[in-house]
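*Asks:* All chains, full assembly: derive it from the sequences and hints.
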Amino acid sequence: MNNNGFAEDRQDVFWIVGTGQTLRHATTMRPGAVYSGQVIPALCAHEVKIPQPTPLGREPQTKNIAEKCLECERLATNGNYAEITWDF
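Quick note on numbering: the sequence shown equals residues 30 to 117 in my numbering.
There could be a bad hint or two in this list.
[Claimed, not checked] Across the chosen pairs, the derived CB separations fall in these ranges:
hint, residue 1, residue 2, range
1, Leu99, Val63, 23 to 29 Å
2, Asp38, Ala95, 25 to 31 Å
3, Gln67, Lys92, 18 to 24 Å
4, Val68, Gln90, 17 to 23 Å
5, Gln67, Gln90, 16 to 22 Å
6, Gly108, Arg87, 32 to 38 Å
7, Pro82, Asp38, 17 to 23 Å
[Unchecked claim] Here are the simulated lysine to aspartate or glutamate pairs, EDC-like style, with alpha carbons at most 20 Å apart:
hint, residue 1, residue 2
8, Lys97, Glu76
9, Lys78, Asp116
10, Lys97, Asp41
11, Lys97, Glu112
12, Lys97, Asp116
13, Lys78, Glu100
14, Lys92, Glu102
15, Lys92, Glu112
16, Lys92, Asp116
17, Lys78, Glu96
18, Lys78, Glu102
These aren't lab readings, by the way, just hints derived from the structure by calculation.
Just so you know, even glycine gets a beta-carbon here, dropped at the ideal spot from N, CA and C.
*Replies:* Printed below as a string of structure tokens:
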């Protein structure tokens, strides 16, 4: 019996809202590891531009965006990813 507290190793997927977008897309690239303005691929093959960080003391404008790309959501579910919502 495996009793180490982890059911399985799962890859992370990050739900982000790219610059100028109103929908969250999922990516396996850690958003904090890439620079602002860089374009990264989403699971659905859509390109997502990394936004500028929110200044300290302010709430990210994307914090209230909950709508997700349906194709990314399907792929994340099928891939059994550990899901993380990421706001800049």
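*Asks:* Name the hints, by number, that the structure is in violation of.
*Replies:* When the structure is compared with the hints, only number 7 turns out to be violated.
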